[in-house]
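When you get a sec, could you build the whole thing from the sequences and use the hints?
2 protein chains.
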Amino acid sequence: MLTQIRLLVPVLALALAGRAAAEAPAPAAEPLLGFSHDHASAERDLEARFDAVLDAANLRQWMQRITSHPHHVGSPWDKANAEFMAGLFRSWGYQTQIEQFKVLFPTPKVRLLEMEAPTRFKASLAEPPVPGDSTSGQTAEQLPLYNAYSIDGDVTGELVYVNFGVPKDYEELQRRGIDVKGRIVIARYAGSWRGIKPKVAAEHGAIGCIIFSDPHEDGYYRGDVYPKGGYRNDRSGQRGSVADMPLYAGDPLTPGVGATEDAKRLDVKSAPTITKIPVLPISYGDALPLLQALGGPMAPEDWRGSLPIPYHLGAGPARVHLKLAFNWDLAPLYDVIARLPGAERPDEWVIRGNHHDGWVNGATDPVSGLVAELEEARALGELAKTGWKPKRTIVYAAWDGEEPGLLGSTEWAETHAAELRDHAVVYVNSDSNSRGFFNAGGSHTLETFVGQVVRDVRDPEKGISVLDRSLARAALTGPAERQQEARTGKRLRLEPLGSGSDYTPFLQHLGISALNIGYGGESEYGQYHSAYDSFDHFLRFGDPKFEYGVTLAKTGGRLVLRLADADVLPLTFDPFTAAVGKYVDEVVKLTDTLRQEAEERNQRLDDKVFQAVDDPTQTWVAPPRLNPAPYLNFAPLQNAAAALKQSTAAYDKAWAAATAGGRALPPETANRLNEILMKSERVLTRTEGLPRRSWYVHQIYAPGFYTGYGVKTLPAVREALEQRNWKEATDEIPIVAATIEGFAREIDRATAVLGTK
Amino acid sequence: MLTQIRLLVPVLALALAGRAAAEAPAPAAEPLLGFSHDHASAERDLEARFDAVLDAANLRQWMQRITSHPHHVGSPWDKANAEFMAGLFRSWGYQTQIEQFKVLFPTPKVRLLEMEAPTRFKASLAEPPVPGDSTSGQTAEQLPLYNAYSIDGDVTGELVYVNFGVPKDYEELQRRGIDVKGRIVIARYAGSWRGIKPKVAAEHGAIGCIIFSDPHEDGYYRGDVYPKGGYRNDRSGQRGSVADMPLYAGDPLTPGVGATEDAKRLDVKSAPTITKIPVLPISYGDALPLLQALGGPMAPEDWRGSLPIPYHLGAGPARVHLKLAFNWDLAPLYDVIARLPGAERPDEWVIRGNHHDGWVNGATDPVSGLVAELEEARALGELAKTGWKPKRTIVYAAWDGEEPGLLGSTEWAETHAAELRDHAVVYVNSDSNSRGFFNAGGSHTLETFVGQVVRDVRDPEKGISVLDRSLARAALTGPAERQQEARTGKRLRLEPLGSGSDYTPFLQHLGISALNIGYGGESEYGQYHSAYDSFDHFLRFGDPKFEYGVTLAKTGGRLVLRLADADVLPLTFDPFTAAVGKYVDEVVKLTDTLRQEAEERNQRLDDKVFQAVDDPTQTWVAPPRLNPAPYLNFAPLQNAAAALKQSTAAYDKAWAAATAGGRALPPETANRLNEILMKSERVLTRTEGLPRRSWYVHQIYAPGFYTGYGVKTLPAVREALEQRNWKEATDEIPIVAATIEGFAREIDRATAVLGTK
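Protein sequences, first through last, are from chains A and B.
Terminal number for the first sequence in my numbering: 955, no gaps in between.
Terminal number for the second sequence in my numbering: 955, no gaps in between.
Since the hints were derived computationally from the structure, they do not count as laboratory data.
These numbers come from a predicted model, not from an experiment.
Virtual Cβ for every residue (Gly too), placed ideally from N, Cα, C.
Worth double-checking, as some hints may not be accurate.
Stated by the list, open to error - Here are the computed lysine to aspartate or glutamate pairs in the EDC-like style, where the Cα-Cα straight-line distance is at most 20 Å:
| no. | chain 1 | residue 1 | chain 2 | residue 2 |
| --- | --- | --- | --- | --- |
| 1 | A | K806 | A | E370 |
| 2 | B | K660 | A | D812 |
| 3 | B | K843 | B | E784 |
| 4 | B | K300 | B | E459 |
| 5 | B | K806 | A | D666 |
| 6 | B | K660 | B | E720 |
| 7 | A | K660 | B | E720 |
| 8 | B | K877 | B | E866 |
| 9 | A | K688 | B | E798 |
| 10 | B | K660 | A | D813 |
| 11 | A | K877 | A | D946 |
| 12 | A | K688 | B | E866 |
| 13 | B | K806 | A | E683 |
| 14 | B | K843 | B | E944 |
To be verified - Heads up, incomplete: computed chain B residues facing chain A, CB under 7 Å, no partners named:
| no. | residue |
| --- | --- |
| 15 | L310 |
| 16 | Y419 |
| 17 | E659 |
| 18 | R667 |
| 19 | A673 |
| 20 | V807 |
| 21 | A810 |
| 22 | D813 |
| 23 | P821 |
Written as structure tokens, this is what we have:
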């Protein structure tokens, strides 16, 4: 396979030469953040050479190979892929090793879901082979439909439909007098990360949880279903982890430490991230008879999906039996780690990663991103063979075990925590990729830098820059305030990161500046975590020409190249300062909103408005009184945000003076500045972590305790407010403020360095 | 039948006595608009006696009788019902006659809808009998599913899905490069009055129009379907008129004049309100195979309904053949008109109406409102038998032919136009009625009055006033600005009237102050214009105990009693002045919005935003440039609104002075004031009518030319703006302003009358 690829390269080089010429390298007039005027020109040349090496045929070939069998954690093909990739990296000149860990990875022994009343029905729980999808028939090798880290269970009870299964859904049920205690809930996917659904269900006393893919979010409502179109068909379901990842990521048995061979492990029974009740994902074909058998009141209008039935809430008369048992075995992880040592600053590591494990064949998730990363690494290897050496060390990682819970990245990050805190510059992540628009999230200190990178990459469909296409979309369909800014300000904005891919351990556990990048929005995306996420699917509906794979390689490659070679690390403080200012305003406003909500709710109760309106022929329960929101002292946060603004302005002024005319900083100044910039994100962490979840130490960004993937900024304060825990919010405000003040002082240190040139 | 009802009355009188005592009559402390302090007390006693006569058993019995057979225009039971009701009115002491008209009423000869490609399918177009619905089997007597005033046609073409079929939907199709020219459109019900759909389709070159009931708006998405629940099942469709009613209401052959035996009639071929293309309504069961066979791009997300398919736009490959032929016969109308002559002011007529024709058995629509009106009339008759005589003449009307196009009311109003302009005080309309909340629309001069009436009627389910329940709903679910007002201001608000029931000829053609009242919002309303709008359906899902029928009788009865007996007609100008002020602000703001829209659209075109964003693998057409909105001179309208405000304030001051302490006006003053108040609405009309539709003469309220039932306030100006016809808007502003100024002068005349006491 490898040989075959090598053979192709010279043949395709001819075509590449022509394409490279058509590409627009960064216009010479435009600055490159982190590079002096002189060095910028060399960097531009390097990037043009980098682009010229990239070849879509490699992406296609690698994807076909890697996805040719199911390659989940513990499968033979998972290991084979790791070895294949390690071989590639070595052949490209990287110092490569496979790092192994041993993690808890449950696989199903028993999966039974049957309805006992009012009629009998047994769920098929199977994704059959479909014509035109050559790997969909590999049923013997596939992990079946299940949710990893569901507890074992054998429960029978009345069914209740709980919408997305988030806390506010239970308030609606309470309004209708419906209690899930002792019952089994059926929730639809979306509206929260899946692991939130069984967690909240268990908090409310449910004994089991079924999660189905509603065709509204993930099926024919979106478009033609597979194999006619790319969207989810009535037999397809969504696998996925339901571990309580907002508590900690990684192996449930080794929180905070690497899951090495001899690591101290928790007992499975006491592992806090394993669910409290059994959970099973099903297709909408299997869900239909269950939902159809529900009686009780109609679900609120925005709970109703696209199945051709009235969505009732229950409880019952549908009564279901859910029986689940798992092999609670340890499984090996194979992280591929490949280094290109830095020639000038080897102790500063630029880390680039994408996972390689899939739930089944995993073509889109994660191989579409993985093959772009591989091609990026190959191209850097080619540059290195021509004599180029990165100033800083570059580390390429292909993580195993992302799907069950960011296992490979987390265990590696925990194992190497001390080194990483010392040496990591930035972690750049990618994952699924397909045709469409650039999407990026990450540390706001990297926002300006990312905007410059995509200014210099061309969209393959449109011949304009990726930045311009992204801005055009924001100008057309963004939120009102963003539309104007996208049109006139021409600034890329980074989304803050919650969770959902391998950046989490780096950013939120170790305080390493991180990015998550990818393209998408023009694919027919209905194969997520199913047996149909195949090469055949991707070729028809993902990125048929692998153009966006190559574009991702160009993007990731530029990020890595500039980070590795910059005179001064390309971080800026303005976007971060603006973002923090906005978050502070938001939590202040949130408190006002919560106050108004309580006043309104309680006034309505006093006015007996619910009694006056509710239909007396149905069961309605007036909502509970709300604990009124006091006025909180936000001054520490507001003063911290003001200090940050002031420090940033001073830094910008010093920077402008020191680099006027694009001149380079004196080496000593640059060294001292790099030292500060590299570790600046660390200052945003706090050893004690967030309340009740010490693994998460970042004080600005965290996955929501009740949203999962969804980000909460200033999480300690924001989540306390959302829980109406005024005491905790009061306690956390000065703590978060002190963190921000600390960051401002770090900026002042950087300013002082600039002043001493 | 009549005898049987009479026998029941004494038996039930005992029960009534108890119930009347439980009712809260208007608290003595509260004022009654239009009555001096002394007269108010007598009015309260009269209303208590009125309430005591009302009996739910009558409503039930009459509904059962009237709905026992299909009773559409031209059917034997339509005539029988008219004769039955005339007999009732006579027995209650009313001077009663049946007024006949002869109107064009097409009924189907041929209805064929079949798909020829890509597969063959023939639509059933039939609503089968269902168990538990005793009239659903009267198929021989039923009008089948059809749209009245569709033209004959025999067309074959590719199908295109056009969402609601309103103008902006065609803009979306244009964006996707889809033209309906020479094709057949399929539109879903809702989003506009049905007659707009074929009108707009024909304007865009379509050759046929199919309208289906999507389960999202009208089917299982709402709840269990009939007969399990009350919602529309997969075989049920919505009959209805598709005449271009926004042009003129009533018989298409006799615009503006009564359709008497010897009226001059247009030729059917030249009647402008008949559709330009054939139109047929179908069930969602019949629509499913057609929609499923569509290819082409996916419909925009908010176009997708609740059928279990991807909603594609077409055009084709579905190719359908639509063949329709009608009997273009004249049919008789039977309007029942019953008078109770006024003792003091016989030439001032208070008119109360509800239609009696149904599309099939019509239990909810219209008999639920009709039987309340009948009971109301009976109770007034009972009061009259005890010696009470109304001061003003009361006219009860049961209209025929409302369903095909407000025929009975319109032809009667046109026939008696001159008398009505001289004598009509107010027209009070009702139509469908069911359990729930009070809804009212009408002339804003009546807003204060209606608020007082429902303050004095008790909600049967809640034991609080109808007003308080209505306000509670507004406080809970109303628009944000209304919530606060509902809670603190405690004011009922009238909706402005568009069209959709028999008030239109009175209000918008003759300038008679009008109201439309009814209860609803707690029924399972899925039988509209179907064969399942039956007595059995109503008993289960409408108003099983006829409590809200009795409540409607109390409401309508109080309106009629107070209007008939008031010392001074209970009109106030403040709410009208506030409403007009709001409408003027709206049209000014609308111009700004249209200007911004054009600027934004054109800027986006200049920036090539659409080219940058649109998926190149699909067909996308950038939208056209928009004609920029100039700055218009709204000063005449703003000055008129200011004058209105000033005149109203002066009137209020004069009124307060003249009636301080609840004292009566001197009779001569009251007479002269009544004369002005009675005809005040006439001043809001203009003989020339609205641009391109001279039948509609009201300058404040009209049904929208492109919305149908939906109201357009200040229509001449607003619709010109919406059409971006700046010239016409410029011309109409001073005309509408002059109308409003004229009304202000009329108020000044009233003020002068008060000043001369």
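Consistency of the hints with the structure:
| no. | hint | verdict |
| --- | --- | --- |
| 1 | A:K806 - A:E370 | holds (18 Å) |
| 2 | B:K660 - A:D812 | holds (9 Å) |
| 3 | B:K843 - B:E784 | holds (17 Å) |
| 4 | B:K300 - B:E459 | holds (6 Å) |
| 5 | B:K806 - A:D666 | holds (11 Å) |
| 6 | B:K660 - B:E720 | holds (13 Å) |
| 7 | A:K660 - B:E720 | violated (53 Å) |
| 8 | B:K877 - B:E866 | holds (17 Å) |
| 9 | A:K688 - B:E798 | holds (17 Å) |
| 10 | B:K660 - A:D813 | holds (9 Å) |
| 11 | A:K877 - A:D946 | holds (14 Å) |
| 12 | A:K688 - B:E866 | violated (74 Å) |
| 13 | B:K806 - A:E683 | holds (16 Å) |
| 14 | B:K843 - B:E944 | holds (13 Å) |
| 15 | L310 | violated (27 Å) |
| 16 | Y419 | holds (6 Å) |
| 17 | E659 | holds (5 Å) |
| 18 | R667 | holds (5 Å) |
| 19 | A673 | holds (5 Å) |
| 20 | V807 | holds (5 Å) |
| 21 | A810 | holds (4 Å) |
| 22 | D813 | holds (5 Å) |
| 23 | P821 | violated (11 Å) |
Hint violations for this structure: numbers 7, 12, 15, 23, all remaining hints satisfied.
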